[in-house]
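Here is what each chain is made of, one letter per residue.
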Amino acid sequence: MSEHAEELRALVADIAGAIPVAERSSDAMWQKLVDAGLSLVGVDEARGGSGGTYEDLLIVVCALGEQAAGAPLAENALASWVLAGDRTVGDQLAIAFGVDAVYEDEMSVVRIPQVPWLRQARGVVVYDRTGTASYVDVEAPGVEIHEGVNLAGEPRDDLILRGTAAPGLANAPDMAEAQARFALLRAAAVAGAATGVYALTRGYVMQREQFGKPLARIPAVAAALAAMRVATVRLDASIERAVGHLARSGGTSPTFRAAVVAAGITTADTAAVCARHAHQLHGAMGVTAEYPLHHYTKRLWSWPGEVGPEAGSARYLGKLALAGGEAAVWDELTC
Amino acid sequence: MTATTTPAGSDALDLRHRVRELTNRWRTEGRYTPRSDNWMRGFDPDFSRELAAQGLIGITWPQEYGGRGLSQAARLAVNEELLRAGAPVAAHWIGDRQIGPAVLRHGTSELKKEILPGIAAAQYVFCLGMSEPEAGSDLAAVRTTAASVEGGWLVNGRKVWTTGAHKATHTYLLARTERTDRKHEGLSEFIVDMATPGIEVTPIVDLAGEHHFNEMTFSDVFVPGRRLLGTPGNAWRQVTEQLSFERGGPERFLSTYPLFALALEAAPKGEADVEREIGRLVADLATLRRLARNVAASLDDGAAPIVDAATLKYLGNAFENDVVDFAGRICTPERPDLHAAWAQALLASPGFTIRGGAADVLLSIIAKQETRP
Chain V
1 MSEHAEELRA LVADIAGAIP VAERSSDAMW QKLVDAGLSL VGVDEARGGS
51 GGTYEDLLIV VCALGEQAAG APLAENALAS WVLAGDRTVG DQLAIAFGVD
101 AVYEDEMSVV RIPQVPWLRQ ARGVVVYDRT GTASYVDVEA PGVEIHEGVN
151 LAGEPRDDLI LRGTAAPGLA NAPDMAEAQA RFALLRAAAV AGAATGVYAL
201 TRGYVMQREQ FGKPLARIPA VAAALAAMRV ATVRLDASIE RAVGHLARSG
251 GTSPTFRAAV VAAGITTADT AAVCARHAHQ LHGAMGVTAE YPLHHYTKRL
301 WSWPGEVGPE AGSARYLGKL ALAGGEAAVW DELTC
Chain A
1 MTATTTPAGS DALDLRHRVR ELTNRWRTEG RYTPRSDNWM RGFDPDFSRE
51 LAAQGLIGIT WPQEYGGRGL SQAARLAVNE ELLRAGAPVA AHWIGDRQIG
101 PAVLRHGTSE LKKEILPGIA AAQYVFCLGM SEPEAGSDLA AVRTTAASVE
151 GGWLVNGRKV WTTGAHKATH TYLLARTERT DRKHEGLSEF IVDMATPGIE
201 VTPIVDLAGE HHFNEMTFSD VFVPGRRLLG TPGNAWRQVT EQLSFERGGP
251 ERFLSTYPLF ALALEAAPKG EADVEREIGR LVADLATLRR LARNVAASLD
301 DGAAPIVDAA TLKYLGNAFE NDVVDFAGRI CTPERPDLHA AWAQALLASP
351 GFTIRGGAAD VLLSIIAKQE TRP
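First to last, the protein sequences are chains V and A. With the UniProt record's numbering applied, the first sequence covers 1 to 335. With the UniProt record's numbering applied, the second sequence covers 1 to 373.
The set of hints was computed from the structure by calculation and includes no laboratory data. Mixed in with the good hints, there may be bad ones.
Unchecked claim - The calculated EDC-like cross-link candidates involving lysine to aspartate or glutamate, where the alpha carbons are at most 20 Å apart (straight line), are:
| no. | chain 1 | residue 1 | chain 2 | residue 2 |
| --- | --- | --- | --- | --- |
| 1 | A | K167 | A | E110 |
| 2 | A | K368 | V | E209 |
| 3 | A | K167 | A | E265 |
| 4 | V | K213 | A | E370 |
| 5 | V | K319 | A | E265 |
| 6 | A | K183 | A | E134 |
| 7 | V | K319 | A | E271 |
| 8 | A | K269 | V | E209 |
Said to hold, decoys possible - Derived contacts from chain A toward chain V, CB cut-off under 7 Å, selection only:
| no. | residue |
| --- | --- |
| 9 | H211 |
| 10 | E215 |
| 11 | A261 |
| 12 | K269 |
| 13 | E275 |
| 14 | I278 |
| 15 | R280 |
| 16 | A283 |
| 17 | R290 |
| 18 | L291 |
| 19 | V361 |
| 20 | L363 |
| 21 | R372 |
Even glycine gets a Cβ: it sits at the ideal position worked out from N, Cα and C.
With these hints in hand, go ahead and build the complete structure from the sequences.
And the structure:
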């Protein structure tokens, strides 16, 4: 892992700790992250970024998830990383993958659904269906933004382009790589939220007494808590594995993409297990607006499904396994 | 993280190739047939001795005791390949996995010299005298006694579910050396020759009709003093360490890999449900292999990865059973070989989530670790 891991985690925890959990997706939170230089981690300093590596960015995003913070940091940093090959970068960027795009009126109208934090962006890095990257200025003629939110109340806005002219990004990385990197960032955010919700739940069942003893002493409660821990250990391992493939084989390698897809499957499972058990173990306390649990669980319910059609797709991995046979399974898809 | 570029990584790759060459040759010559759960059911001293001749048993142990001083990561590479090939490794598995490490940690240098080279050479075959009729998941409830006598100990009691006792040259033995109010105290560990007078082994046939389990009866069995392992009365601490070694290995998720390989080859192409199921299995296997690497790395760092090892076993056993379920769903009359492999694995499968700590016990171990005040 990154040599700055502890430092970065502590920095995020400090920033988030000063802001109430209900407001960790606010503009104030975002501004503090920008001021700390975290919004451009993993982007070359010479191109306007903060330096550091993609692994550093994963750590920051995971740490934010652990604080139930839903800032557009992953989106901003990744869009900037894509853009950096063609121009210097700044803050408030969104990223959209046009694989979900709907084309109307003989292709002149493009609708890309649920772009994270689009309403706050000055510009969007858009990969169209063919994988061509371009930069869309939100002030450009023909750009429409239709606001929407996910379960956690985080902006997920539809982007509509009506004949909008957008300069192409000749030096942008392949869409597959950008998508895989984005999916892994989302997995890291979920891993963080799962760790955070586990800590909250563990604290609760150790402190809350019923039947004359802490809940954690009831075997069924202990088993459910352990199942949450199993789920977080599992997700952490699958993310570490994908990071290992990135370091070893590079972002364009098929093994990295397959590892991210595998991590995506685990992400969905871990999010579901942790949200379910966390609520069950908190009892009625956990369903109040005041108690912080729902800031975690709404994100665990929202985030895994938002990472594009490839990640989370067991079919994709299954097809690779069937095509490559046992040797590919052993030496490429599970190593 | 970038294991393949380090010297240890290339060593591991070289070890993998050597194991592949060996298992391929034996399989091609018809000297073994891959099958599920062969690390417990596939007993072939000749195969184990060939591995030993190539220096592939006890490889993490110091050279003076017959080992090669390699890392746990290297050992994982060897064992993964053996399990992948469904090779018959039961004759040396227990000695290599847990008796050797336990002797290394707690044995006197005399005991190390006496026992370890024999395991590394696949001359000594170990079974585990742990469980008893009244001590299953509650291992500390053992009643077998070892009374201090002139020059050693006198053992009386009964052990049960002892895999391979009828073929073993030695048994590890957990016995009570002291009566105390607290059952976790007063236990001690011994290494016992199976040829010692007073040991009687009777078979327990399993539901597959196979004989692997046994009951062992000890009637005034004399064990020389030098065969005490570690400190008298300290066995509980020692044995829980030993079990964390036992738990975190790749045999906890690869028992049904030979069936998985066959099912993958026999699976119908172009069916969405089948593709999805295989994809999920592949994702799970990938994570499990990573977890095994993490456990090995922790052991190499001198840590005791109790939670990771228990997690690995818990998830790994579930994966083994998922493989059996999947293979069952795609069985067709055109593939009697798949059906046979599925049936064999299914009959072995109830043991997966029991041996080495039942699934529910694993969760309680994790919870206990995690809720320490």
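#### Entry: Indices of hints not satisfied (ascending)
1, 3, 8, 9, 10, 19 and 21
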